[in-house]
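**Q** Listed here are the chains, written in short residue letters.
There are 2 protein chains.
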Amino acid sequence: MKQQEYIAQNSDRFMEELFDLLRIPSISAQSAHKPDMVRCAEWLRESLLKAGAQKAEVMPTEGNPVVYAEYILDPAKPTVLVYGHYDVMPVDPREEWRTEPFEPVIKDGRIWGRGADDDKGQLYMHAKAFETMVATQTLPCNVKFMLEGEEEIGSPSLYKWCADNKEMLAADVILVSDTSMLGMDTPSITCGLRGLAYMQVEVQGPNKDLHSGLFGGAVANPANVLTKLIASLVDENGHITIPGFYDDVRLLTPEEREAFNSAPFDMERYKKNLDIAEVEGEAGFSTMERTGVRPSLDVNGIWGGYIEEGTKTIIPAKASAKISMRLVPNQDYVKIGELFEKHFRAIAPASVKVKVEALHGGAPYVTPTDMPAYRAAEKAVEEVFGKKPLPFYSGGSIPIISGFERILGIKSVLMGFGLDIDAIHSPNESYGVENFYKGIQTIVKFYDYFAK
Amino acid sequence: MKQQEYIAQNSDRFMEELFDLLRIPSISAQSAHKPDMVRCAEWLRESLLKAGAQKAEVMPTEGNPVVYAEYILDPAKPTVLVYGHYDVMPVDPREEWRTEPFEPVIKDGRIWGRGADDDKGQLYMHAKAFETMVATQTLPCNVKFMLEGEEEIGSPSLYKWCADNKEMLAADVILVSDTSMLGMDTPSITCGLRGLAYMQVEVQGPNKDLHSGLFGGAVANPANVLTKLIASLVDENGHITIPGFYDDVRLLTPEEREAFNSAPFDMERYKKNLDIAEVEGEAGFSTMERTGVRPSLDVNGIWGGYIEEGTKTIIPAKASAKISMRLVPNQDYVKIGELFEKHFRAIAPASVKVKVEALHGGAPYVTPTDMPAYRAAEKAVEEVFGKKPLPFYSGGSIPIISGFERILGIKSVLMGFGLDIDAIHSPNESYGVENFYKGIQTIVKFYDYFAK
Chain A
1 MKQQEYIAQN
11 SDRFMEELFD
21 LLRIPSISAQ
31 SAHKPDMVRC
41 AEWLRESLLK
51 AGAQKAEVMP
61 TEGNPVVYAE
71 YILDPAKPTV
81 LVYGHYDVMP
91 VDPREEWRTE
101 PFEPVIKDGR
111 IWGRGADDDK
121 GQLYMHAKAF
131 ETMVATQTLP
141 CNVKFMLEGE
151 EEIGSPSLYK
161 WCADNKEMLA
171 ADVILVSDTS
181 MLGMDTPSIT
191 CGLRGLAYMQ
201 VEVQGPNKDL
211 HSGLFGGAVA
221 NPANVLTKLI
231 ASLVDENGHI
241 TIPGFYDDVR
251 LLTPEEREAF
261 NSAPFDMERY
271 KKNLDIAEVE
281 GEAGFSTMER
291 TGVRPSLDVN
301 GIWGGYIEEG
311 TKTIIPAKAS
321 AKISMRLVPN
331 QDYVKIGELF
341 EKHFRAIAPA
351 SVKVKVEALH
361 GGAPYVTPTD
371 MPAYRAAEKA
381 VEEVFGKKPL
391 PFYSGGSIPI
401 ISGFERILGI
411 KSVLMGFGLD
421 IDAIHSPNES
431 YGVENFYKGI
441 QTIVKFYDYF
451 AK
Chain B
1001 MKQQEYIAQN
1011 SDRFMEELFD
1021 LLRIPSISAQ
1031 SAHKPDMVRC
1041 AEWLRESLLK
1051 AGAQKAEVMP
1061 TEGNPVVYAE
1071 YILDPAKPTV
1081 LVYGHYDVMP
1091 VDPREEWRTE
1101 PFEPVIKDGR
1111 IWGRGADDDK
1121 GQLYMHAKAF
1131 ETMVATQTLP
1141 CNVKFMLEGE
1151 EEIGSPSLYK
1161 WCADNKEMLA
1171 ADVILVSDTS
1181 MLGMDTPSIT
1191 CGLRGLAYMQ
1201 VEVQGPNKDL
1211 HSGLFGGAVA
1221 NPANVLTKLI
1231 ASLVDENGHI
1241 TIPGFYDDVR
1251 LLTPEEREAF
1261 NSAPFDMERY
1271 KKNLDIAEVE
1281 GEAGFSTMER
1291 TGVRPSLDVN
1301 GIWGGYIEEG
1311 TKTIIPAKAS
1321 AKISMRLVPN
1331 QDYVKIGELF
1341 EKHFRAIAPA
1351 SVKVKVEALH
1361 GGAPYVTPTD
1371 MPAYRAAEKA
1381 VEEVFGKKPL
1391 PFYSGGSIPI
1401 ISGFERILGI
1411 KSVLMGFGLD
1421 IDAIHSPNES
1431 YGVENFYKGI
1441 QTIVKFYDYF
1451 AK
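For the record, the sequence lines run as chains A and B. Going by our numbering, 54 is the number at position 54 of the first sequence; the sequence numbering is gapless. To get our numbering, take the position in the second sequence, counting from 1, and add 1000.
Simulated from the structure, these hints should not be mistaken for laboratory data.
Result set (DSSO-like, lysine-lysine): computed pairs, CA atoms no more than 30 Å apart in a straight line:
1. Lys-1272(B) x Lys-342(A)
2. Lys-272(A) x Lys-1208(B)
3. Lys-228(A) x Lys-1355(B)
4. Lys-1271(B) x Lys-342(A)
5. Lys-271(A) x Lys-1355(B)
6. Lys-438(A) x Lys-1208(B)
7. Lys-1387(B) x Lys-1271(B)
8. Lys-1002(B) x Lys-1387(B)
9. Lys-1077(B) x Lys-1144(B)
10. Lys-1272(B) x Lys-355(A)
11. Lys-272(A) x Lys-1355(B)
12. Lys-272(A) x Lys-1353(B)
13. Lys-1411(B) x Lys-1055(B)
14. Lys-1077(B) x Lys-1050(B)
15. Lys-1208(B) x Lys-271(A)
16. Lys-228(A) x Lys-1272(B)
17. Lys-34(A) x Lys-1208(B)
18. Lys-107(A) x Lys-438(A)
19. Lys-228(A) x Lys-355(A)
20. Lys-1208(B) x Lys-1355(B)
21. Lys-438(A) x Lys-271(A)
22. Lys-1077(B) x Lys-1166(B)
23. Lys-1271(B) x Lys-355(A)
24. Lys-452(A) x Lys-166(A)
25. Lys-271(A) x Lys-1342(B)
26. Lys-355(A) x Lys-160(A)
27. Lys-228(A) x Lys-1208(B)
28. Lys-1077(B) x Lys-1379(B)
29. Lys-208(A) x Lys-1271(B)
30. Lys-208(A) x Lys-1107(B)
31. Lys-342(A) x Lys-353(A)
32. Lys-1208(B) x Lys-107(A)
Quick look at which bits of chain A chain B covers, simulated, 3 or more residues with Cβ under 8 Å:
33. 84-97
34. 295-301
Chain B residues, not near chain A, derived (Cβ > 12 Å throughout):
35. Leu-1252
36. Val-1356
37. Ile-1407
Ideal Cβ positions, reconstructed from N, Cα and C, are used throughout, including at glycine.
Given these sequences and hints, build the entire structure.
**A** Now the structure itself:
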């Protein structure tokens, strides 16, 4: 039990260190934060060295740097490669935050701040679990860390970096905490992730904004046209109408569906948390299936014309939208992006011009539940949380995970400790203090089971 | 001909004065410009006094002030009440201007700048025509000026101000230059204006932006819902689907339609000017009819979710739009606003909440072509432009014009000198130098014919 004692004795310092990490506004989507990305990477390098890494480096990429660290106990022993990301989502709408996004505070048993869960809070559990094993001389195998700064924008530089450093990254499994559990009393391990095809479209009508009186009714309004085009992409049954979109979707067997829907799900609590009267989605599928094993299409942003105070009577020259699709096995994001573009161009009327651009994408991913590392995670979670975790198909995407398999040939285990109340990507992100400490405990146990 | 000589001798000064007026950024939609509104009104008051007004005042309203001036030659003679507006539209998208919006320049025979046509350039022709008649001692009747600063935001204060000053404003006709002609070689006088009902809608889904992976496909996305709601407001034939919307629309007789469509219209030039491949509108009506005598529905602005650079994978908590409808006789904008709101609420799914707000509105207006002041305008235009002007039904709205008739009991004559290439309400607004001077000449002649 000396590991658990070490964690308990150092718990306050662990939290103080996490707060320092959370204070760095490392928003990868906004170029003004470039210097913060570098500062955050340096901070992590030093932290991993202090935690006991034999070496730790900030390695340049074409974008934000990757922090690489390692502890090679014995080359004959198995190796765990820890992946995490130190970049965070933007904070807008800023005015909806009840605390400063980059001034973390603890309240009601939770850590509040951008990145508290996604992914600084979760990646730092790995740093502290590693420190614990080194300090108590219980590290049972080799450990490598690969912490990137571009996950929230689709990891554009990490693919090449991995390919360039394939030998250095050799490992038996990639261990990732960047996902959620169904609940503290319903532990789960994510074994499926959706893929992503993220598009931007622009509809151009007249060559300038027009007076909506002089021209209204006689000239195509690009904003009206855009609403028609987007509206037609999903039909009244929640089916996506792009020809060929579902061709590669793997359907669950009746047995798989039954197992899938046997996971506990409280619809009233779900609706109450979101303050919605009704859920909505593809006909014939449960809410769990809709996010777990079915693809979706969402407008992430839409804009055009006059959006300030008051009124302006114009037909805007153009209107735009960011539209992303979540994909499931065996959909290919490049193919889906192409189908989207072809369809969007085909349905646009001759009265407008359209631009379609693929902003980023990633493949879906599945962890086989019979691989040894998954079994080790299962045992570790059960020991700390008191119940055998359920295999869970998350609706989220971590595009790089399928990239790791393709480039490095290594499978990942997604042992995440977030909860659905954490509001990741939203204002008022938070992470349970208990989740943070239980996560560290679970990770330490994972190494034991894995190296046995 | 001493009037025309006076105009010729003073033409450079007239233009310099107009430039001073155009330099004042009197944008009524943006509260930061409040001081500019007052400055602009003061400037006009002094200008009218110098032009020869017996009195000129800046009169307060609940909003921006009204400039009132008068020259009472003989109470027994008829009176012309000149209406114009000194406020201008916002300038965004700012980056599309090729010159500074508030630094007017003359190039290619045109005056470039915000307000060059709408309405500073046009109202100032009246000030200079008045000066010409006073200076040459040829003023044949009484003149009153009423220049407001809120036309572009729907004249919210002018209705009450008119009602409060009904006696002072007594006149035989209201003369307005705030409209366009079909062309320099196709002069026309606007005898119909559309009404306006301007709405703002908001669709609220979950209580915060959500992760589009974890929730996408299972929860209604307000931006997707908004596109569906807006798309359904106009059907594939260009008909507006709001129940009751067309109930009060006056249909033209076959004879009226024929006369209406006999006005010259060059479709290829129209499309080329706008750089569009096809026009689009209500089935069964010509382009001229679509803007002249048929109502329309346009998205003036739409926004929701992440609209900055890069990507953000969210389901936005809400999405909004500004939607305005142009109305024709005998549609009532209050009733149309109510029908819109009722319908919009009715079609919204239970998975979202909607807000609907009426921002401003105005009634349609028609000038009888047999009234003496219209005939005077017709003769004046014919004399200066060489052709009898066509009666023209403009798609635009000047909501206050129908208000004048209702409140003051006075009909308006809309003798405008703009052209469709003037890009009013758009970047790079301009006004022909020739239009400015011919306008002054025409106005002077109008008074002669009117007072005969």
